[in-house]
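Trainee: Read off the chains here:
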Amino acid sequence: MKLMWFHLMPYTELPDDFREKNPSVWVDIHSSLFDPRRAHHMYNDFMDELEFAAECGFDAICVNEHHSNGYGLMPSPNLVASSLARRTRDTALCVLGNSLALYNPPTRVAEEFAMIDCISGGRLIAGFPVGSPMDTCFAYGQNPSMLRDRYYEAHDLVKKAWTAPDTFAFNGRYNQQRYVNIWPRPIQRPHPPIWIPGGGSVETWQWCAEMDYVYCYLSYYGYKAGQATMTGFWDEMKKLGKDLNPYRAGFLQFVGVAETRQQALELYAEPAEYFYGRCLHIDPRFAGPPGYATEETQRRGIKGMVSQAADNSTRQTQRYETKFQTLAREMDAIVDKGYVIVGSPDEVVEQLTEVATNLNVGHLMMLLQFGNMNKELAKYNTRMFAEKVLPRLSHVHSEWEDHWWPKPMEQNERAAPASFVPAQAAAE
Amino acid sequence: MTEPTTTSIEVNGFSCRVWTAGTGPKIGFLAGFGGLPKWVPFLDRLAEKRTVVVPSLPGFPGGERGHTVLDNHLDWCLAVREIVQKAGLDGADLAGSSVGAAMAAEIAAIWPQSVKRLALIAPFGLYDDSDPPTDPWAQRPPDVPNLFCADPKTWESLKEQPEGLNSPEWPIEQVRASEAAARIFWPLGNTRLEKRLPLIAAPTLLVWGGEDRIMPQSYAQRFANGIAGKSEIKVIPGAGHLAELDKPDEAAAAVLAWMQ
Numbered sequence: 001m002k003l004m005w006f007h008l009m010p011y012t013e014l015p016d017d018f019r020e021k022n023p024s025v026w027v028d029i030h031s032s033l034f035d036p037r038r039a040h041h042m043y044n045d046f047m048d049e050l051e052f053a054a055e056c057g058f059d060a061i062c063v064n065e066h067h068s069n070g071y072g073l074m075p076s077p078n079l080v081a082s083s084l085a086r087r088t089r090d091t092a093l094c095v096l097g098n099s100l101a102l103y104n105p106p107t108r109v110a111e112e113f114a115m116i117d118c119i120s121g122g123r124l125i126a127g128f129p130v131g132s133p134m135d136t137c138f139a140y141g142q143n144p145s146m147l148r149d150r151y152y153e154a155h156d157l158v159k160k161a162w163t164a165p166d167t168f169a170f171n172g173r174y175n176q177q178r179y180v181n182i183w184p185r186p187i188q189r190p191h192p193p194i195w196i197p198g199g200g201s202v203e204t205w206q207w208c209a210e211m212d213y214v215y216c217y218l219s220y221y222g223y224k225a226g227q228a229t230m231t232g233f234w235d236e237m238k239k240l241g242k243d244l245n246p247y248r249a250g251f252l253q254f255v256g257v258a259e260t261r262q263q264a265l266e267l268y269a270e271p272a273e274y275f276y277g278r279c280l281h282i283d284p285r286f287a288g289p290p291g292y293a294t295e296e297t298q299r300r301g302i303k304g305m306v307s308q309a310a311d312n313s314t315r316q317t318q319r320y321e322t323k324f325q326t327l328a329r330e331m332d333a334i335v336d337k338g339y340v341i342v343g344s345p346d347e348v349v350e351q352l353t354e355v356a357t358n359l360n361v362g363h364l365m366m367l368l369q370f371g372n373m374n375k376e377l378a379k380y381n382t383r384m385f386a387e388k389v390l391p392r393l394s395h396v397h398s399e400w401e402d403h404w405w406p407k408p409m410e411q412n413e414r415a416a417p418a419s420f421v422p423a424q425a426a427a428e
Numbered sequence: 001m002t003e004p005t006t007t008s009i010e011v012n013g014f015s016c017r018v019w020t021a022g023t024g025p026k027i028g029f030l031a032g033f034g035g036l037p038k039w040v041p042f043l044d045r046l047a048e049k050r051t052v053v054v055p056s057l058p059g060f061p062g063g064e065r066g067h068t069v070l071d072n073h074l075d076w077c078l079a080v081r082e083i084v085q086k087a088g089l090d091g092a093d094l095a096g097s098s099v100g101a102a103m104a105a106e107i108a109a110i111w112p113q114s115v116k117r118l119a120l121i122a123p124f125g126l127y128d129d130s131d132p133p134t135d136p137w138a139q140r141p142p143d144v145p146n147l148f149c150a151d152p153k154t155w156e157s158l159k160e161q162p163e164g165l166n167s168p169e170w171p172i173e174q175v176r177a178s179e180a181a182a183r184i185f186w187p188l189g190n191t192r193l194e195k196r197l198p199l200i201a202a203p204t205l206l207v208w209g210g211e212d213r214i215m216p217q218s219y220a221q222r223f224a225n226g227i228a229g230k231s232e233i234k235v236i237p238g239a240g241h242l243a244e245l246d247k248p249d250e251a252a253a254a255v256l257a258w259m260q
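Protein chains in written order, with the numbering used here: chain A, 1 to 428; chain B, 1 to 260.
Hints listed in this document are in silico derivations from the structure and should not be mistaken for laboratory results. Here the structure is a predicted model, which is why all the values come from computation and not from measurement. For each residue, glycine too, the CB sits at the ideal point set by N, CA and C. Treat the hints with care, since some could be wrong.
[Claimed, not checked] Non-contacting residues of chain A with respect to chain B, defined by C-beta distances greater than 10 Å in every case (computed):
no., residue
1, 20
2, 199
3, 261
4, 269
5, 328
[Unchecked claim] Some but not every residue of chain B turned toward chain A, in silico, with C-beta under 10 Å:
no., residue
6, 68
7, 71
8, 135
9, 138
10, 139
11, 143
12, 172
13, 176
14, 180
15, 181
16, 182
17, 183
18, 186
Starting from the given sequences, assemble the full structure and let the hints guide the process.
Mentor: And the structure:
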């Protein structure tokens, strides 16, 4: 299986009373909390960590897109990916991804991804999320009633821009361009592998199956909460007559490794509590703009909620609060609910083997830096994982072939970027 | 309560419900944010004196998923124009509330012959940086009733599922109404209607709830300043954004007096 190293780039210095004093980490988080001079160090630490993960032997390093977000400092993951393309050699670059409907014209995404693919010698994984309501509808003002249609249309345009040999006119419902002819073109033919980060909507699963794309469930709530979604995904694949190749799927999991479980609990409690306490402090008024969820998803959701309400005797109005307001925020519960897997290497190997097997996931995206974790601890976690966990997991799912992995240029054909202060890099 | 007759018209391949009640010269009504999942007392009051005709707007309760084929403001204006014509309201008096009032104003501006007298209850369509309207979509569901109505129970009883219905489609229809409004008015509610106000020749009554927590009362004057025809502002104390729901008697009396 593939072990991938994912960075959200959280702002690491939100104040202790952030929850009490601020309505939301996202959309209207206050600018006074952002210190650009501190962010200078954060970005550089984060990029060091990503490069370190690549050096340690992870199969891919992953970045993603958020806007007006205190736990995601990458409005443009492409900027980070292009730097990583220069500072890494063989690791796949997974940009998960660009929210297609936000780009006008969407060919911008085709161009930038093609640039990254060229710079990296064909190592790009192209992620196309619809994007969260907070990012798309609120921070970027997109109309929730048109977002999905725009997304699908932009997808068609980007894919055609990558693959059509000749200049073409695109006569879409939302986009009209007389001359589409992107330069550069991606190295990978017909195009870089396309992965779709999504929620649990059946339409997305069906679309991934139809297009033969990887479906990624990027939940912050871990493997226990993710089980139902992944089961739903695989049931749908069976129904559609698809094979159950685990590489059709990706899954995100927070992990903290140390010599012992006790030590891991001690080391990772603070960053985990920071993440679940401060970073996921999201005002529910930004969670559900009308039209963002399709009516079919609402139908399923409402039925699910009704039975859930019956189970928990929760009042109807409470369900809107539930997701963001009643999350576990203390380490015991965070671990108990499976949001973060912590333990000794043996314990983590055992648990992740279970996760990969039970969820039938071939692409595991590890969050080994989370919350306010500093670079030293992030590197320790990464090194421990790379040395003591990764080698014992890579055989899982080896009976399957990953058809959705980048196909870069041969190593001896690729450029050798000049080293940047090699003495300092070696000293670290 | 008056029992309206329900008919339907077709616009862009979608069915639109039309309620009709009462006798006398026609008066059309285009509902506000959230639409009308149920007949309301305000319509009874109008029907006591006039024939009241209430066509649904696309995507609003009774309007199916008609909003999904409307991609821009011209599409919306043409669809509403067609609805007004097919409902037999061309040339009649026209009233509207909130998002429906904005569409009524568009019709009166673009096709001046099609509206005799106009009554607008707290219309959407403008945006003033110094006094912005409340964001009607970024709200916690428990806060919504109190934003749209002075008395939250007014909203709740309108949106409550009728006894014994228990359909999963009911709540979906209510979300759809909010989505349809978003489709025209996202994100600021500003359709640049201000540019077209000078085209409105019909005498126009501007009704505002004294406790409107969505659309600031200052907008009444902005509308009055822009409209070419005669206009008058009437504030109804104790009413919220959807004044016709909070204070049906007062709102209907004001509209009827203007349309006489």
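Trainee: Look at each hint and say if it fits the structure.
Mentor: Evaluation of the provided hints:
Annotated as non-interface, residue 20 of chain A keeps its C-beta farther than 10 Å from every C-beta of chain B; the closest such distance is 18 Å. The claim that residue 199 of chain A is not at the interface with chain B holds, since no C-beta of that chain comes within 10 Å of its own (minimum 17 Å). Non-interface status of residue 261 of chain A relative to chain B is upheld: no Cβ of that chain comes within 10 Å, the nearest being about 39 Å off. Even its closest Cβ contact with chain B, about 31 Å, leaves residue 269 of chain A beyond 10 Å, as expected for a residue assigned away from the interface.
At the 10 Å boundary, the C-beta of residue 328 of chain A stays outside the reach of chain B, the nearest C-beta of that chain being 22 Å off. Annotation: residue 68 of chain B was flagged as interfacial toward chain A, and the flag holds, the nearest CB pair being 8 Å apart, inside 10 Å. Because the smallest distance between the Cβ of residue 71 of chain B and any Cβ of chain A comes to about 6 Å, under 10 Å, the interface hint for this residue holds. For residue 135 of chain B, the interface hint holds, the least distance from its beta-carbon to any beta-carbon of chain A being 8 Å, beneath 10 Å.
Proximity of residue 138 of chain B to chain A holds as hinted, the smallest CB-CB distance being about 5 Å (cut-off 10 Å). Because the smallest distance between the Cβ of residue 139 of chain B and any Cβ of chain A comes to about 5 Å, under 10 Å, the interface hint for this residue holds. Interface restraint check for residue 143 of chain B: the shortest CB-CB distance to chain A comes to about 8 Å, inside 10 Å, so the restraint holds. The criterion of a C-beta within 10 Å of any C-beta in chain A is met by residue 172 of chain B, whose closest approach is roughly 5 Å, and the hint holds.
Below 10 Å, beta-carbon pairs count as interface contacts, and residue 176 of chain B has one with chain A at about 7 Å; its hint therefore holds. With a least beta-carbon distance of about 7 Å to chain A, the hint placing residue 180 of chain B at the interface is held under the 10 Å criterion. A hinted interface residue such as residue 181 of chain B counts as satisfied when its beta carbon comes closer than 10 Å to some beta carbon of chain A; here the least separation is about 8 Å, so the hint holds. Of the supplied interface hints, the one on residue 182 of chain B holds, with its beta-carbon coming within about 5 Å of a beta-carbon of chain A, less than 10 Å.
Checking residue 183 of chain B against chain A by beta carbon gives a least distance of about 4 Å; that is within 10 Å, so the hint holds. Taken as an interface hint, residue 186 of chain B checks out: its beta carbon lies about 4 Å from the nearest beta carbon of chain A, inside 10 Å.
The earlier numbered hints are all upheld by this structure, with none contradicted.
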